[in-house]
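S.K.: Read off the chains here:
There are 2 protein chains.
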Amino acid sequence: MEQMTYKDSGVDIDAGNESVRLIKNFVRSTYRPEVLGDLGGFGGLFALKNYDEPILISGTDGVGTKLKIAFLLNKHDTIGQDAVAMCVNDILVQGAEPLFFLDYLAVGKLVPEQVADIVRGVANACKESGCALIGGETAEMSGFYSEGEYDIAGFAVGVVEKKSLITSARVKVGDVVIGLPSSGLHSNGFSLVRKIVFDRMKFKGDEKISELGKTIGEELLTPTRLYPATCLPLIRKFGEKIHGLVHITGGGFYENIPRALPDGLGVTIDADKWTVPKIFGLLQEWGNVPRREMLRTFNCGIGMILIVDENSVDELGKHLTDSGEEFYTIGRVVEGNGVEVIGGNLKD
Amino acid sequence: MEQMTYKDSGVDIDAGNESVRLIKNFVRSTYRPEVLGDLGGFGGLFALKNYDEPILISGTDGVGTKLKIAFLLNKHDTIGQDAVAMCVNDILVQGAEPLFFLDYLAVGKLVPEQVADIVRGVANACKESGCALIGGETAEMSGFYSEGEYDIAGFAVGVVEKKSLITSARVKVGDVVIGLPSSGLHSNGFSLVRKIVFDRMKFKGDEKISELGKTIGEELLTPTRLYPATCLPLIRKFGEKIHGLVHITGGGFYENIPRALPDGLGVTIDADKWTVPKIFGLLQEWGNVPRREMLRTFNCGIGMILIVDENSVDELGKHLTDSGEEFYTIGRVVEGNGVEVIGGNLKD
Chain A
239 MEQMTYKDSG
249 VDIDAGNESV
259 RLIKNFVRST
269 YRPEVLGDLG
279 GFGGLFALKN
289 YDEPILISGT
299 DGVGTKLKIA
309 FLLNKHDTIG
319 QDAVAMCVND
329 ILVQGAEPLF
339 FLDYLAVGKL
349 VPEQVADIVR
359 GVANACKESG
369 CALIGGETAE
379 MSGFYSEGEY
389 DIAGFAVGVV
399 EKKSLITSAR
409 VKVGDVVIGL
419 PSSGLHSNGF
429 SLVRKIVFDR
439 MKFKGDEKIS
449 ELGKTIGEEL
459 LTPTRLYPAT
469 CLPLIRKFGE
479 KIHGLVHITG
489 GGFYENIPRA
499 LPDGLGVTID
509 ADKWTVPKIF
519 GLLQEWGNVP
529 RREMLRTFNC
539 GIGMILIVDE
549 NSVDELGKHL
559 TDSGEEFYTI
569 GRVVEGNGVE
579 VIGGNLKD
Chain B
239 MEQMTYKDSG
249 VDIDAGNESV
259 RLIKNFVRST
269 YRPEVLGDLG
279 GFGGLFALKN
289 YDEPILISGT
299 DGVGTKLKIA
309 FLLNKHDTIG
319 QDAVAMCVND
329 ILVQGAEPLF
339 FLDYLAVGKL
349 VPEQVADIVR
359 GVANACKESG
369 CALIGGETAE
379 MSGFYSEGEY
389 DIAGFAVGVV
399 EKKSLITSAR
409 VKVGDVVIGL
419 PSSGLHSNGF
429 SLVRKIVFDR
439 MKFKGDEKIS
449 ELGKTIGEEL
459 LTPTRLYPAT
469 CLPLIRKFGE
479 KIHGLVHITG
489 GGFYENIPRA
499 LPDGLGVTID
509 ADKWTVPKIF
519 GLLQEWGNVP
529 RREMLRTFNC
539 GIGMILIVDE
549 NSVDELGKHL
559 TDSGEEFYTI
569 GRVVEGNGVE
579 VIGGNLKD
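These protein sequence lines are chains A and B, in that order.
The opening residue of the first sequence carries number 239 in the working numbering; numbering runs sequentially from there.
The opening residue of the second sequence carries number 239 in the working numbering; numbering runs sequentially from there.
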């Protein structure tokens with residue numbers, strides 16, 4: 239009877255080893271001094287420095303069906319940034335400095351060069367966010383994902399001193415809402431995006447869209463912005479004057495802003511106060527998407543929100559301007575609950 | 239023109255909210271006193287207690303194509319334990335106490351009751367391992383996974399005092415290798431398992447296997463053993479007398495045992511020293527799998543290995559016996575490199 243081996247079953251241990259060989263230098267380039275050991279241990283080791291009362295903040299996320307755009311364009315070196323950004327932007331909002339990151343990558347067939355592209359994207363985004371890539375799993379799941387397709391999930395851990403933890407308790411009526419621009423769609427709402435762009439509009443991935451000045455594929459695959467480099471210096475400099483941060487992730491404005499507010503407070507946002515990137519207007523037009531749905535599904539051009547003491551807004555704005563950072567003053571904290579969006583932009 | 243919404247695109251936010259309602263009590267039941275906040279924050283918060291020199295140890299893993307067995311049997315309340323076990327067993331081997339866990343669950347279509355089954359399994363395994371389930375992502379990726387199918391990945395973080403970190407430096411010639419029984423196949427090698435059981439043997443999932451006294455599906459879906467409850471008390475009681483731990487995970491004996499050994503040392507393992515569970519012999523027979531391949535792919539009945547100072551073996555054995563724990567003395571650390579397996583069991 240013919241002998242059966244693990245390799246015959248579609249799992250190629252040699253390809254796995256080749257992947258590790260290709261990625262190990264990217265991975266090591268992310269190491270902070272606190273990282274102990276090297277690739278290949280059972281766990282990733284990180285020596286936590288001295289804190290009075292350290293609060294570890296952790297988050298996990300994937301990039302959803304944005305992956306389908308990477309498959310369509312056969313471009314795999316940007317999706318890693320999406321995985322990192324979705325996680326580090328989440329832990330940032332309570333004031334955490336990202337410390338380390340791990341990725342889970344499940345592939346239909348392990349192609350070392352493709353894995354290397356993906357992980358290089360992860361590693362570069364980790365470096366840009368100041369966190370070490372100290373672990374990961376690459377699983378070859380034959381018969382599970384199509385050849386050339388994969389899923390990726392990320393996991394980030396950060397730390398903040400308990401006294402510096404940003405909670406909704408600081409937010410008060412009159413606080414000013416400042417928006418930081420997104421880089422595009424980020425990694426939310428892609429099931430709807432794909433339905434509009436490919437099912438209704440029948441665009442090909444390489445279709446040039448004159449309003450965008452690029453192909454639709456390039457626009458959609460633009461990696462999610464990493465906010466730590468902008469926000470951590472603000473948090474350190476302005477401390478308690480920053481009353482809240484909001485990552486505009488799945489659920490958009492309506493579901494995320496309330497997560498940073500205490501009961502009894504809401505916000506009024508004026509959608510005319512920022513330039514909505516063209517892709518959002520196009521998606522709204524192509525899909526005839528109601529404004530409320532736009533704001534519940536997409537970031538609409540604002541990927542991170544700061545809620546700031548009104549007496550500190552000028553100083554904070556000056557700091558951002560001096561640092562070359564774009565920002566928009568988009569609203570106020572008000573009595574009441576929920577998120578009201580006024581203004582003509584994104585109007586149905 | 240017809241309006242398009244996120245829900246029309248196959249993402250059901252209401253089903254997501256219903257899932258959260260169904261799982262929140264399981265999730266809360268895992269909370270340790272160090273957990274701050276509640277479900278629904280951007281990140282999971284964990285207040286680390288006082289340590290002199292805390293080393294955080296983290297790991298990520300999935301359960302591979304064992305998922306296909308859960309789909310086949312339409313049984314989803316055990317796979318969560320597999321996800322937890324694969325991660326906590328990894329971080330345990332360097333002495334870490336698991337603190338918290340996050341899960342990433344990607345589904346084709348969000349069925350709240352199915353998500354609740356999966357997460358209940360995760361939560362129960364977290365409780366049994368002493369770690370809090372402080373975060374998670376459930377992503378509905380329409381057109382990505384088939385309806386009823388999903389992928390799951392886990393992330394665990396633990397902590398150990400630097401002076402108690404278990405490294406290969408402690409291991410020396412003459413150390414005794416002790417094996418703790420596995421609960422079955424655990425979560426490795428399922429691509430080969432499925433090929434043997436379903437492609438070659440043409441078994442149905444509910445086929446009763448007389449040698450096993452159960453159906454093949456029940457045998458294959460047996461959840462991965464969680465080792466923290468057995469190993470953490472040992473680590474605390476025996477301290478530096480435990481020179482190493484090895485999680486027999488992907489890569490089996492040959493690739494995992496060397497991860498715990500310093501250069502220049504190897505082990506000799508006698509495969510006659512433990513009772514190999516019947517499933518491994520059957521797989522070997524059905525697939526005509528060479529012994530070396532069995533030991534490189536499966537745990538073959540030993541899921542966790544302790545490398546122990548030879549002067550402490552009797553005391554440690556007594557402790558295990560008194561605690562009602564099964565164990566086998568299966569080998570020795572020797573000069574040289576690599577893993578040699580002797581004995582008649584699993585012989586080709």
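The set of hints was computed from the structure by calculation and includes no laboratory data.
Computed from a prediction, not measured in an experiment: that's the story for all the values here.
Incorrect hints may appear among the rest.
With a cut-off of at most 25 angstroms between alpha-carbon atoms, the simulated DSS-like pairs for lysine-lysine come out as follows [said to hold, decoys possible]:
1. A/Lys306 to B/Lys516
2. B/Lys347 to A/Lys306
3. B/Lys400 to A/Lys287
4. B/Lys306 to B/Lys287
5. A/Lys245 to B/Lys516
Pulled from the structure, derived: some chain A residues nowhere near chain B, Cβ distances all over 12 angstroms [as the list claims (entries may be wrong)]:
6. Glu256
7. Arg259
8. Lys262
9. Asn263
10. Ser267
11. Asp315
12. Phe339
13. Gln352
14. Pro419
15. Ser421
16. Glu449
17. Lys511
18. Pro515
19. Thr567
20. Gly576
Virtual Cβ for every residue (Gly too), placed ideally from N, Cα, C.
S.K.: State for each hint whether it applies.
M.R.: Status of the hints after comparison with the structure:
no., hint, result
1, A/Lys306 to B/Lys516, "violated, 43 angstroms"
2, B/Lys347 to A/Lys306, "holds, 17 angstroms"
3, B/Lys400 to A/Lys287, "holds, 12 angstroms"
4, B/Lys306 to B/Lys287, "violated, 40 angstroms"
5, A/Lys245 to B/Lys516, "holds, 23 angstroms"
6, Glu256, "holds, 15 angstroms"
7, Arg259, "holds, 15 angstroms"
8, Lys262, "holds, 16 angstroms"
9, Asn263, "holds, 21 angstroms"
10, Ser267, "holds, 19 angstroms"
11, Asp315, "holds, 21 angstroms"
12, Phe339, "violated, 9 angstroms"
13, Gln352, "holds, 17 angstroms"
14, Pro419, "holds, 20 angstroms"
15, Ser421, "holds, 19 angstroms"
16, Glu449, "holds, 18 angstroms"
17, Lys511, "holds, 24 angstroms"
18, Pro515, "holds, 19 angstroms"
19, Thr567, "holds, 23 angstroms"
20, Gly576, "holds, 16 angstroms"
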